[in-house]
Amino acid sequence: MSSSTSSSRRVPKALLAALLAVACVEVFTARTASLWMNSDALFLRTKLQEVESGPPVDILILGDSQAVAALHPDKLAAGLPENTRIYNFGLPAVGPTGAEIFLKRYLERHPPPKLIVVANTARIFIEDPRLFANYTVRHLLNFDEVLLAAQRDGDFDYVLQWLATRLPTLRHRDAIRTGLASLVFDALPELHARAWGWLRGSLRKRKDFEGFLWEYTGRKERNERYARDLALNRGWRYWVEVAHPIGVLPDEIRFVANPFHPEPREVDALESLLVTCHERGIPVLLVPLPFPRAHADAIHAQGGENRVERFWSDIGRRHPGTLATENWILEMPHRSFSDQSHVNARGLAEYTAFITPLIANAYAEALAR
Amino acid sequence: MLFTSLLFVAFFAVVFGIHALLPHRARNLLLLLASYLFYATWNPRFLALIWLSTAVDYVAGRIIGASDRASTRRSALLVSVVVNLSILAFFKYYNFFIDSLDLMLVPFGATAASLHLDLVLPLGISFYTFQTMSYTIDVYRGRMRPVRDLPDFALFVCFFPQLVAGPIERAPHLMPQIQSPRRITARHLHEGLALAGWGVFKKVVIADNLSRIVDPVYALDADPTGLQVVVATYAFLFQVYTDFSSYSDIARGTARMLGFDLMLNFDTPYFARDMGEFWRRWHISLSTWLRDYLYIPLGGNRGGEIRIAFNLFMTLLLAGLWHGSNGTFLVFGAYHGILVVIARLYRQRWPVRGGPIWPGALLSMHLFAVGLVFFRGQTVAQCLSLFGAVFTDFQWDPAGLQPMVVVLLAMLPILVFDLSHRRFGSDTFVLSWPAPLRAAAYFAVFYAIVLLGRSDGLEFVYFQF
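Residue numbers (the working numbering), protein chains in the order written: chain A, 1 to 369; chain B, 1001 to 1465.
Hint data in this document are derived by calculation from the structure and do not stem from the laboratory. All residues carry an ideal CB built from backbone N, CA and C; glycine is no exception. Do not rely on the hints blindly, as some may be mistaken.
Examples of chain B residues lying across from chain A (beta carbon under 7 angstroms, computed) [to be verified]:
#, residue
1, L1007
2, F1011
3, L1030
4, A1435
5, R1438
6, A1439
7, Y1442
8, V1450
9, L1451
Listing some non-contacts, in silico: residues in chain B with all C-beta distances to chain A over 10 angstroms [unchecked claim]:
#, residue
10, D1068
11, L1077
12, L1078
13, A1089
14, D1221
15, D1261
16, F1271
17, L1321
18, H1421
19, F1424
All chains, please: the whole structure from these sequences, using the hints.
Encoded structure:
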């Protein structure tokens, strides 16, 4: 080896002191992670804790936030045999890729459920393929899960980003930034008013300004809510809020539907999930989630229903007995939605009435097998 | 693979680790392979151009070194210059030429539009072409002996820290470092880390955040007020400096950790007393290249004042065109050519005799800012409309000045750093600070990068050249 390293007393002293200070900040941030987590991260962490520490379940539901809102275990349980244990493992913005990862995680720790319900709208298949890779909660996943997602994505940088999020301050940097701003603005409200004025004058787009406003006021409210949630029930209340959202989607809302071109990675993940379940002998039921009427109209306007039906019938042909229905564009009136995607309490009741018999039948067949 | 990406951090860590374990000869081979891999992550097809330049200049250098006949030497040099400039001209200026021709043919009812090609500009072509060409010229001029070892020469052409955006190294400076065994000391590592860390800070914390102010105003479909143009141009004044100098800093820092010493590319340019001095401090590797291989061959300071002025003007005009095949860069170059000529005439009449530097520095900085409108603008028409907005649609509003707060905040660390750089005569002055102060500086820079840096991987401004 031709290189050598000379010693210098001053060099390590400053570097070590800086590293020590960084380590202190990182440990502090890690210890107080609950304060910095965003709602998605908190939600996933809570769910993972539930899954890892809770008892095995009979029916496992996988899906996105719409599935969380529309498939409430307590409501479904009323139409199923007594003592059926149902767990909704749905997570915001998680399509089949995420569902597959979480299913594997569940199966590593528990015996197979008697039935798996996968609930996704057609929309999740046409989202940005990197959606899951960019998911804000990725740091909570295991390395092998991350590697799998990166392999699917062909995006090695994703693994590096996951490694970077081992650093707690980097992981929670958005929350820390807005949190620090909140600390300053909470202490100096007049400065907040002035900053508001500055931004109003300098930002050309109103939505940027509104974004800033949320960061301050939203952050403050959220911190208080998290503190309550964490003290009471480890954030589970957030789930309840998602499952029973309030509000009504206005009638005049119109949608622009993108052409239905299923993202290959998401389709592959769904296929892989179905194959895994088949190999393990776990029955799967694929169920549609409801659309607001205007959204369904937008799909019909461009002839998208044919593409959607063809896609699901192909899935049904390759995996017989998995489809709950042939109607995959399930329309419901706007009054049943709290926003453009999620059902409200009225929508929950209507959808539960529709879906419970289908799940009950599939569950009965699963028990009979 | 951006310098500020995690992928580059992982790449460099692997290269650095293996490099430390190898003997000298194997180290160079490792760096050569790593450099090709680094370039291939953008577009492996364009490696062929690097190989072509490498082969032509290696052979040309050997022929020039081996021959005593002037005509053979001249022919070899000519082949090298023609091949390199042809590659550069084809990829960078062909479409500019065709589009200009098309415009000229309009009055005659003809068109050359069908000759327009969809060309992708190979990354770093302006940098490595100039670097490899300078080697052949230096061999021809007898300033250095031709390199015998092909891998060593290939590494000189494509050394990854400075391959895509400089500094444009000279063979007499870099080749001996490649050829001789390198001794890497703790001082190398410390300086390298300090330079690279500071570079990352300038890029992701300052330059990328300032781009939020600049980009909307300079978008082609934007219709900004004069005040917004002024504010965005001031923001760009610091964005372009921090962006480009950050690349040089990271390049020098990573090279330093591998035992190399790359040339300083920016020497506090915003403290220049006039535009002549500015160009001796800004993008030094390009301006000295143009001085040695263009200005001096044109006649340099020899001849009458008109001849010298012409030489200066042509050099700066070509410096502008080096940046890109666009009318805006032509105007940028011509504008600077005129300013440098004026600065020379002014200094002849009123030579510098001490006194404060700030009046000249402020004037130079503002003159540079005016020229940056053409540097950042995408078409000459857009630049003229931006100037038009300043003079006819200013729309004064104190609230509109608020982004200047961000600009001033961004300026502050740069000002402190550059002042210290001048005072201590080195950009690694931080190493002479007391340990607690250094530790605090490392801590602050680290958390500024983590918490304030933009992580969406904006490319370096100079990658387009």
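Hint by hint, here is what the structure shows:
1. L1007: At 5 angstroms from the nearest chain A Cβ, B:L1007 passes the 7 angstroms test, so the hint holds.
2. F1011: Interface hint status for B:F1011: violated (10 angstroms vs cutoff 7 angstroms).
3. L1030: Since the shortest Cβ distance to chain A is 13 angstroms, the answer is violated.
4. A1435: 4 angstroms, holds
5. R1438: Holds - the Cβ of B:R1438 comes within 7 angstroms of chain A, reaching about 4 angstroms at its closest.
6. A1439: With Cβ-Cβ at 4 angstroms, under 7 angstroms, it holds.
7. Y1442: Holds - the Cβ of B:Y1442 comes within 7 angstroms of chain A, reaching about 4 angstroms at its closest.
8. V1450: 5 angstroms, holds
9. L1451: Result: holds, 5 angstroms to nearest chain A Cβ.
10. D1068: 37 angstroms, holds
11. L1077: The claim stands: B:L1077 keeps its Cβ more than 10 angstroms from every Cβ of chain A (closest is about 35 angstroms).
12. L1078: The assertion about B:L1078 holds, with a minimum of 40 angstroms to chain A.
13. A1089: Consistent with the label, B:A1089 stays out of reach of chain A, its closest Cβ about 35 angstroms off (over 10 angstroms).
14. D1221: Holds, since 13 angstroms exceeds 10 angstroms.
15. D1261: The assertion about B:D1261 holds, with a minimum of 15 angstroms to chain A.
16. F1271: Answer for B:F1271: holds, closest chain A Cβ roughly 28 angstroms.
17. L1321: Consistent with the label, B:L1321 stays out of reach of chain A, its closest Cβ about 34 angstroms off (over 10 angstroms).
18. H1421: About 19 angstroms separates B:H1421 from the closest Cβ of chain A, which puts it past 10 angstroms; holds.
19. F1424: 16 angstroms, holds
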